[in-house]
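Novice: For reference, the chains in residue letters:
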Amino acid sequence: MSMAENQALAPASEGALDMDQVEYTLRKRLPRKLPKRKNDIYVNMKTDFKAQLARCQKMLDGGCFSEICIHGLGLAINRAINIALQLQGGSFGALQIAANTSTVELVDDLELDEGEPLTRTRNNSAIHIKVFHTLPK
Amino acid sequence: MQRGLGVRAMSGVNRKEKKFAKLMRNQPSNITFSSSSDPGAGRSGMGSSESQTDSPHYSCFTHHQGVNGGHVQQQQVGSSHQPSCYGDRQRGSHRGGFRGQRGSSRGNYRSYVQEIPKIITATNFAQARAAEINAMLKAVAHKSSSQFLQSLPPAMRRRAMSHNIKRLPRRLREIAKKEVEKIAQLKKEQSKSKSRKARRRHGNLLMEFNRRQRKNIWLETHIWHAKRFHMVKKWGYCLGNKPTTKSYRACYRAMSKQCLLQDLSYSCCLELSGTEDNLLKTLGRLSSRDAGTTFASVACLSGKRQGSLVLYKADQYPTKPLGPVTFLWRPKTPSENRQLWIWAHPALKMDLLTELQLVCQCLDVPVPEPAPSECKTITHVTANQTVPGLKRKLQDNAGEEVIPEKKIIGDGTRDPLQTVTWTSLTSGIVIEDLTMEILRYRLIGPLSHCVMFEALQAAAILKNSEGREESGLRCWWSEYCKRPENMTLHNGQEGVLLLLPGIASPAEIPAGTVLGLTVGDPRLNMPKDRTTAMPDPTQVKDLEKIRELCLNGVGAEFAQSEIWDRNVRNIVTETKLTEQELNQMRSKLLVPGSRLDLGPQESKVPILLVQQPGKMAGQEHTGWGSGWDILIPKGWGMAFWIPLIYRGARAGGLQEGAKHTQYKGLPHFPDDFPDCPAGIQHSMETEKELIGKYKKYPPAKRPNYIHHGTMTPFRCPWQQLVEDWKTQNQDGSFKLAGSDQEQGLRPEMQVSSREYVGVHEKEISSEEKPLKLEEEMEEESESVTTLEPNIGCENLQNPSTGDRCSESGHVSILRSRKLLKQISTWCRPTSSKGQQTRRYVGSAQVQMTADAVKAIICSHPRFLVWVRLSLLKKGSPVTNATICIPSEEDLHLLASEPNCPGPQEPKHRDPFKHQFKASKSQKKRAFSQDPETAAGDLQRKPVASCGKDLIRGLWPDRPQNVMSHCSRLTIGFVTQGDFSLTVGCGEALGFVSLVGLLHMVSSQPAERRGLALVRCPASLQYRFAKIDIEV
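Top to bottom, those sequences are chains A and B.
Counting from 0, one number per residue, gives the positions in the first sequence under numbering that gives the first Met the number 0.
Counting from 0, one number per residue, gives the positions in the second sequence under numbering that gives the first Met the number 0.
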């Protein structure tokens, strides 16, 4: 599904590479994609919040999955947490959540007008929230 | 009652007359009887009595034609002297004929009355009749094959008469029998000499295929494609346009989620070899650092990356571009010479080749080719196709015996004796044309390297002892294996290949990474059925190495491949095992269906893998559509194609390729290069084609573009647009354009723009330059230069040179990265995406001030900018849609009603309506006279032909003041537009005039900057869109 996590990238802390702004063009590469199960949901900032919430709800209500995993990267962390809490709040205690955080390494290309293009890495935080039924169906 | 009947009868006659006139249109005058007189003629041959009464009727008909047209010749008068022939019917038709004409041309009637001659000369009259009779006799004598059936009156015809002669009346049977026999004989003679079975026999089929390949080059996958694709003949090739199955969306999904395969072997490769310094020195003239990558870019020069750039004619940047190319340097070898491959589109190849020859000062000195006899078909030069004259025909006939049954590998259209190598005596640079020597397949999509990984297996290393047994040519690999450094290289390359499945998308590794490889025969480990290659995360072992690969790409040494070596390529092509041999070997396997292990006999194929970056520019959907290109030596096309297809790649054609570039936001060659010769050519061809298509519809079933205010619905008048904006700018009216005042438009501006339009049109079409006009233009440019203030944009070539030296149109496209970046930030609304914008608006960024804008405008008066428009709400723009500046009210409208569809263009009046009507009635008149007067009436011709150019609903003249034709000022046109499946809304790519764009942006409030209107050529509805310049 919509995997535009790159939208959620918060800008890296500037100053790690202090270069003249005009000299290069910064191009962000996609974050590394991880193998994806059917019950993984990657949250982005572009899709409507309601739609993402409904999608999660549908998955849980459908009965196919007893748990789903919501992933958010950078700016989308807030939204991932929000979705998980909404799910839990709307379930009258039937759902529980467990959160994990991690760090994701991201790669940027610096295209210089002259010379070899540079790459640099920076880190960004990510969250992985497991939402599951308390009583196994 | 009577009267009504009469009218009906009259109208019936009228219709009949019209029909008859239509039949007689192209007849020479002396044969007035043709098909309609045939029944009479046929019967007269049979001695029927009816015919005598029939023929006068017909002759009377023809006379009415003449009378109605208001044109009387002698023969009418003649017939009018036979009153006995006139029945009621004729009188009716007489009246009917006049009635039809009365409305439009009453005067004709009077003139008819006056023009009846008093006397006729008997000799002339008799001569004319004699000619008619002769013609009649001739027509009777010569019967077409189907005439015996048509000679029967309809009432006597029976079903299946032609099948069974006995159904004919007896008196006709004799004749019919003869006829039938004759036809049967004819058919027999015409039929194919061979049976279908014989024709399909391998050798004969091959011969037939070879014959058909002489005109247009077939790719190696042609037969495969021809079975599944709509084929088109383009640029001298037969190419698959789009799949015959309905798979537009499936192909899109393949591109964005799975893998799409495309055969790009038609793109032409030119090889340049020489010392690095010489090459860089000469090629440096063709490009500029200002526009981004050059041949000298560090990463590309080492051979590590593939680069792409737009080439210009020598020292002509920023005007006169040739077109976009990609290039690849061979990694450094022990020898001093470097090799460079330039890959170009076939439409661009000839321009490029001539320019390269010019720059390198290469002569047509054929270098002694080490090519073996087999590769008779090395390359082709397009000039060959443009002259399909006698020369080639002769050669074909001669060549028929020499190469009868050998499969054509490579280029079948090329003259074997044609030079493909050119050497420079001064710099030692050798240019070689490698068209069709190297195949190029493109895999697009995130699964592309999974497909590749499964289909390709690195060649097994030969032990020394094994290599010895090999004989002759096959042993290039064993020779290669003997050197230990080659083996470490090979192992390294294999290691990189094994890392690939650990990467989820090709976009994760650096753009343009090159990996050389030697692989075994891919046909040997094919799956039985078509499978889908999926990434297997369990195989990923070495995470650290993958990370390293993602960060730094493949090392320059691993980009080395033997495919660069012409000898190796030829050996590999020659020693390929045919499908038949392979199958024979397979049939001898002990366990049927098990993998065939050829051991050292297995062919080893050197290939190159080149990563294609996906969407690079812009902030959205980065990395979309990334993939890999596979370069293969010729002859191995199908051997690689099928295994790739069997791994789950979906095949796409030209259309899918165009969509790919469109979704990536890149200009597509040749459509989107209006400043290149190939682009100009292309736009002219498309326009012709589209007009032809338009004309096929009746006027009521096609849009009237004049009413829609679209002057050029089938092309984009860049030239006029740019000139208009330039003039507008010089008038100094650089304030906010209130659309309504603009509508009235200053007359002098119209005049001046028209002048220029005329000039440049002429220059584009025929490259003649009226001296006077040129002077005028130079004056023009001088005035610009004096205006130009001294600003510190070093990239600004002075515009006067730009003005003077462009015969092929004065339009140029802005490709200076620095300037583009600057304008790009100006076009963004300041409030949204704060972080992103702030990054670009750094300390060095020029703020948008009146001075800065003016400076750019003055230095780049005739430039176009490539923009991407995404529509805010509904609507999907199409090609040639106009991009306009929204008026102030429009912006207010948008602010007050965010859901409004957008403003409407008021319907335009058709100023050509009367002209058209007049010409039509003229035509009609001329046309109805035709059967009588076409004899030798040359004076009448211009009357008929004057309305020829007028197509109803199309602007007939050269377009004038393109900019201000509609209620909103036009700043540009869309070249590709569609509903974008990636973004999920209508999206358009096109060019806008730089002056117009800056005019628009500078007059808009900061938070609404970059808002434009888009309107399709056949619609009055404007739609709001956001302009994005992606760098």
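It is possible that some hints are incorrect.
Claimed, not checked - DSSO-like, lysine-lysine: derived pairs with alpha carbons at most 30 Å apart:
1. LYS700/B to LYS245/B
2. LYS226/B to LYS37/A
3. LYS129/A to LYS540/B
4. LYS49/A to LYS872/B
5. LYS256/B to LYS35/A
6. LYS527/B to LYS45/A
7. LYS872/B to LYS57/A
8. LYS481/B to LYS32/A
9. LYS45/A to LYS906/B
10. LYS540/B to LYS45/A
11. LYS817/B to LYS241/B
12. LYS37/A to LYS57/A
13. LYS35/A to LYS527/B
14. LYS692/B to LYS35/A
15. LYS817/B to LYS27/A
16. LYS312/B to LYS817/B
17. LYS540/B to LYS27/A
18. LYS165/B to LYS193/B
19. LYS37/A to LYS245/B
20. LYS1025/B to LYS694/B
21. LYS165/B to LYS196/B
22. LYS820/B to LYS35/A
23. LYS233/B to LYS32/A
24. LYS694/B to LYS37/A
25. LYS196/B to LYS49/A
26. LYS49/A to LYS256/B
None of these hints come from the bench; they were simulated from the model.
Novice: Next, verify each hint and record whether it holds.
Specialist: So, going through the hints one by one against the coordinates:
Distance restraint check for LYS700/B and LYS245/B: the Cα-Cα separation of roughly 27 Å lies within the 30 Å cut-off, and the hinted pair is therefore satisfied. This hinted pair does not check out: LYS226/B and LYS37/A have alpha carbons roughly 37 Å apart, beyond 30 Å. In summary, the hint linking LYS129/A to LYS540/B is supported, as the alpha carbons are separated by about 27 Å, within the 30 Å threshold. A threshold of 30 Å between alpha carbons decides the hint, and for LYS49/A with LYS872/B the separation of about 20 Å falls inside it, so the pair holds.
For the hint pairing LYS256/B with LYS35/A, the CA-to-CA distance comes to about 13 Å; that is within 30 Å, so the pair holds. Of the supplied pair hints, the one linking LYS527/B and LYS45/A is violated, its CA atoms being roughly 43 Å apart against a limit of 30 Å. Distance restraint check for LYS872/B and LYS57/A: the Cα-Cα separation of roughly 28 Å lies within the 30 Å cut-off, and the hinted pair is therefore satisfied. Proposed proximity of LYS481/B and LYS32/A is contradicted: the alpha carbons are some 41 Å apart, above 30 Å.
Pair hint LYS45/A plus LYS906/B does not hold up; C-alpha atoms about 39 Å apart against a cutoff of 30 Å. With a CA separation close to 34 Å, the supplied pair LYS540/B and LYS45/A exceeds the 30 Å bound. For a cut-off of 30 Å, the pair hint linking LYS817/B to LYS241/B is broken: about 38 Å separates their Cα positions. Only pairs whose Cα atoms come within 30 Å are accepted, and LYS37/A paired with LYS57/A is accepted, the gap being roughly 13 Å.
The hinted pair formed by LYS35/A and LYS527/B meets the criterion: a straight-line CA distance of about 28 Å does not exceed 30 Å. Note on LYS692/B and LYS35/A: the hinted pairing is violated, with a Cα-Cα distance of about 49 Å set against a maximum of 30 Å. Annotation: proposed proximity of LYS817/B to LYS27/A holds, straight-line Cα distance about 19 Å (limit 30 Å). For a cut-off of 30 Å, the pair hint linking LYS312/B to LYS817/B stands: about 21 Å separates their Cα positions.
Restraint check for LYS540/B and LYS27/A: satisfied, since their Cα atoms lie roughly 26 Å apart, inside the 30 Å limit. Using a Cα cut-off of 30 Å, the hinted pair LYS165/B and LYS193/B is violated, with the two alpha carbons roughly 34 Å apart. With a CA separation close to 28 Å, the supplied pair LYS37/A and LYS245/B stays within the 30 Å bound. Taken as a hint, the LYS1025/B and LYS694/B pair is broken in the structure, with Cα atoms around 35 Å apart against an allowance of 30 Å.
Distance restraint check for LYS165/B and LYS196/B: the Cα-Cα separation of roughly 36 Å exceeds the 30 Å cut-off, and the hinted pair is therefore not satisfied. For the given pair, LYS820/B sits about 37 Å from LYS35/A by alpha-carbon distance, which is inconsistent with the 30 Å threshold. This hinted pair does not check out: LYS233/B and LYS32/A have alpha carbons roughly 40 Å apart, beyond 30 Å. At most 30 Å may separate the alpha-carbon atoms for a hinted pair to count; LYS694/B and LYS37/A exceed this at roughly 54 Å.
Straight-line distance between C-alpha atoms of LYS196/B and LYS49/A comes to about 65 Å, which puts the hinted pair past the 30 Å bound. Our distance criterion of 30 Å between C-alpha atoms is met by LYS49/A and LYS256/B, whose separation comes to about 25 Å.
Checked against the numbered hints given earlier, this structure breaks hints 2, 6, 8, 9, 10, 11, 14, 18, 20, 21, 22, 23, 24, 25; the rest are met.
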